[in-house]
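Undergrad: Chains as they are written, first to last, in our numbering: chain R, 1 to 333; chain S, 1 to 333.
Hints may contain errors.
Once the Cα atoms are required to be at most 27 Å apart in a straight line, the calculated DSS-like pairs of lysine-lysine come out as [what the hints assert, rightly or not]:
1) R:9 / S:175
2) R:68 / S:175
3) R:4 / S:4
4) R:67 / S:4
5) R:13 / R:175
If you anchor each label on the Cβ, the simulated ranges turn out as follows [said to hold, decoys possible]:
6) S:48 / R:149: 25 to 33 Å
7) R:48 / S:196: 29 to 37 Å
8) S:176 / R:42: 37 to 45 Å
9) R:157 / S:25: 25 to 33 Å
10) S:46 / R:294: 34 to 42 Å
11) S:75 / R:317: 52 to 60 Å
Chain R is faced by these chain S residues, among others (derived, beta-carbon under 10 Å) [what the hints assert, rightly or not]:
12) 74
13) 78
14) 122
15) 152
16) 155
17) 190
18) 263
19) 310
20) 311
21) 320
22) 326
These are calculated hints, taken from the structure and not from any lab test. Yeah, the Cβ is synthetic: ideal placement off N, Cα and C, and Gly gets one too.
2 protein chains.
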Amino acid sequence: MTAKSQTLKFENKPRIIAGMSVVGRKEGDGPLGKYFDEIDDDPKMGKGSFEKGESAMFATAVAGAAKKAGLRPFDFDALFAGDLLNQLISSNYAARELPVSYFGLYSACSTMTEALSLGAAMINAGYYRTAACVTGSHFAAAERQYRYPLEYGCQRPPYAQWTVTGAGCSVLSIKGDGPYISSATIGRVADYGVTDANNMGAAMAPAAFETLLAVLDDTGLSIEDFDAVFTGDLGRLGARILRDLSAERGVCLGQKYSDCGEMIFSREQNCYSGGSGAGCSACVLNSFILDKMRKREYNKVLLMATGALMSPTTSFQGESIPAISHGIILEND
Amino acid sequence: MTAKSQTLKFENKPRIIAGMSVVGRKEGDGPLGKYFDEIDDDPKMGKGSFEKGESAMFATAVAGAAKKAGLRPFDFDALFAGDLLNQLISSNYAARELPVSYFGLYSACSTMTEALSLGAAMINAGYYRTAACVTGSHFAAAERQYRYPLEYGCQRPPYAQWTVTGAGCSVLSIKGDGPYISSATIGRVADYGVTDANNMGAAMAPAAFETLLAVLDDTGLSIEDFDAVFTGDLGRLGARILRDLSAERGVCLGQKYSDCGEMIFSREQNCYSGGSGAGCSACVLNSFILDKMRKREYNKVLLMATGALMSPTTSFQGESIPAISHGIILEND
Numbered sequence: 001m002t003a004k005s006q007t008l009k010f011e012n013k014p015r016i017i018a019g020m021s022v023v024g025r026k027e028g029d030g031p032l033g034k035y036f037d038e039i040d041d042d043p044k045m046g047k048g049s050f051e052k053g054e055s056a057m058f059a060t061a062v063a064g065a066a067k068k069a070g071l072r073p074f075d076f077d078a079l080f081a082g083d084l085l086n087q088l089i090s091s092n093y094a095a096r097e098l099p100v101s102y103f104g105l106y107s108a109c110s111t112m113t114e115a116l117s118l119g120a121a122m123i124n125a126g127y128y129r130t131a132a133c134v135t136g137s138h139f140a141a142a143e144r145q146y147r148y149p150l151e152y153g154c155q156r157p158p159y160a161q162w163t164v165t166g167a168g169c170s171v172l173s174i175k176g177d178g179p180y181i182s183s184a185t186i187g188r189v190a191d192y193g194v195t196d197a198n199n200m201g202a203a204m205a206p207a208a209f210e211t212l213l214a215v216l217d218d219t220g221l222s223i224e225d226f227d228a229v230f231t232g233d234l235g236r237l238g239a240r241i242l243r244d245l246s247a248e249r250g251v252c253l254g255q256k257y258s259d260c261g262e263m264i265f266s267r268e269q270n271c272y273s274g275g276s277g278a279g280c281s282a283c284v285l286n287s288f289i290l291d292k293m294r295k296r297e298y299n300k301v302l303l304m305a306t307g308a309l310m311s312p313t314t315s316f317q318g319e320s321i322p323a324i325s326h327g328i329i330l331e332n333d
Numbered sequence: 001m002t003a004k005s006q007t008l009k010f011e012n013k014p015r016i017i018a019g020m021s022v023v024g025r026k027e028g029d030g031p032l033g034k035y036f037d038e039i040d041d042d043p044k045m046g047k048g049s050f051e052k053g054e055s056a057m058f059a060t061a062v063a064g065a066a067k068k069a070g071l072r073p074f075d076f077d078a079l080f081a082g083d084l085l086n087q088l089i090s091s092n093y094a095a096r097e098l099p100v101s102y103f104g105l106y107s108a109c110s111t112m113t114e115a116l117s118l119g120a121a122m123i124n125a126g127y128y129r130t131a132a133c134v135t136g137s138h139f140a141a142a143e144r145q146y147r148y149p150l151e152y153g154c155q156r157p158p159y160a161q162w163t164v165t166g167a168g169c170s171v172l173s174i175k176g177d178g179p180y181i182s183s184a185t186i187g188r189v190a191d192y193g194v195t196d197a198n199n200m201g202a203a204m205a206p207a208a209f210e211t212l213l214a215v216l217d218d219t220g221l222s223i224e225d226f227d228a229v230f231t232g233d234l235g236r237l238g239a240r241i242l243r244d245l246s247a248e249r250g251v252c253l254g255q256k257y258s259d260c261g262e263m264i265f266s267r268e269q270n271c272y273s274g275g276s277g278a279g280c281s282a283c284v285l286n287s288f289i290l291d292k293m294r295k296r297e298y299n300k301v302l303l304m305a306t307g308a309l310m311s312p313t314t315s316f317q318g319e320s321i322p323a324i325s326h327g328i329i330l331e332n333d
């Protein structure tokens, strides 16, 4: 690794041996509905609040992923987890039931690839044999924390995105079957001066762009080497900005590129620019992408989840929105 | 490592080659005042808000630690960082100025040892050569986010703690001089049912207790093997609970044990149970503890930072307070 490389290479092939996705009704009704493992009609998951529902979804994703991997949740050597709620409460309260070494992470909507990067690095180095990497988000809990409670009935601008209600968990293991993570490219914080907190796609696109260039530079690969390239939740507008920024640098994303936020809702679902939230890329990875890899329709995939790192406080204080994107490369043997 | 060990061992001796502590006036006036590198009289650090001041302290700690290590901030291979503010804004906004791979972490007041554990693991495995591990907190920013704005003049119960205004940064490196991290014991989430959000010490003591037992079990060491044992910010009450819990299991902490929260303020400073906040253990480690290790007054130290993982939302919703503690062992050659 050269000094300025952002990419970690994993020669021991840490694998995703199982993935579980749990989503809400709206996500289940979307274009990827058939790929999700569990669709819940109750946004509170039978609990007393949206936040407790989010935590329950999180726990369901971990338990389901463990079961698919032939493990019990307490068999994991470690849990790499985070979410969008203040103080990571949906992760923390779910982790309380799991007697497992716990790493709390916050990378906004790029938490899934931060967790997978660290989990894969720790397994590749021999510290752990199995780990669960998990994140999620919840529309109603996120709206009232980041914007306004739903009851206010606020109007949304046309470039706004819709926070995905869903949790996704990947089981990483040094043994077993499944695509392996060949490398992880750890993002740097990028801030191009966007100040509109409704326009997350525009704020995050530069971070995805910089991480894409780092992936290509560090690995020597080109877009043609991948069967598919995904970003996390840039949405329609952000994805277009990423295409434009890349094209200016001679990188043509073309048909191989999709954004999980664009994929998860149809235009008819009135989600404007598309889906967002930490659960967005987590659910699409642990359903659609893993499915296509298992069927060998894809054999080499780049996934760059994207996160906007602002808070309501910084927006009120007139700050622009920093963003980050961590990229992982998934490969079949 | 056995399946259920929580401890990672670092045979390649990742070292803390420099540490920097930046604190506020109250901390500077406390018993450890002479150990801190920089004491700032202005709680906003010349910025427009407490939050921006916290972020500026964070940046000062990183820059100062880099300078002491003979590096520039952009020489780091990676930054492991987090803080107490929602969405980690003091870390994120400081990281925006650093073109360095960035891992956002949240482990409440145990963030310093989470960052050092991951940083040491990544350096020990050869992924990175140098990393900055940093966290901080700010009394006024924390009060208005977690409790009430200072202007309300709320009364505090006698077991309340005082959030430390300060940031601490450790530079980890595979080369150079300084104490090395021989192992890290990654905590599990513990919740013994404490619901009083003012009583953090009681909520966190069980987590420190469980991690202490894990350290002793996993390493085969006993308290006698250490020159000093520190917890992060249990405060007077929490430290006493930890002593009692340990004594019941036959582990006598005795004179070797201190709590950074108890150390940082004197009783005359009216901080009741003592200091708290992610900056508490970060500042005490990167001043007093490193100083004593460099002078070889200590040659083997156990530091267990402690974090309460609740949020105001969970408290309002009647939840108890989960907590976590990550422990690292520091040794001189």
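Undergrad: Sort out which numbered hints this structure fails and list those numbers smallest first.
TA: 2, 3, 7, 8, 9, 10, 11, 15, 16, 18
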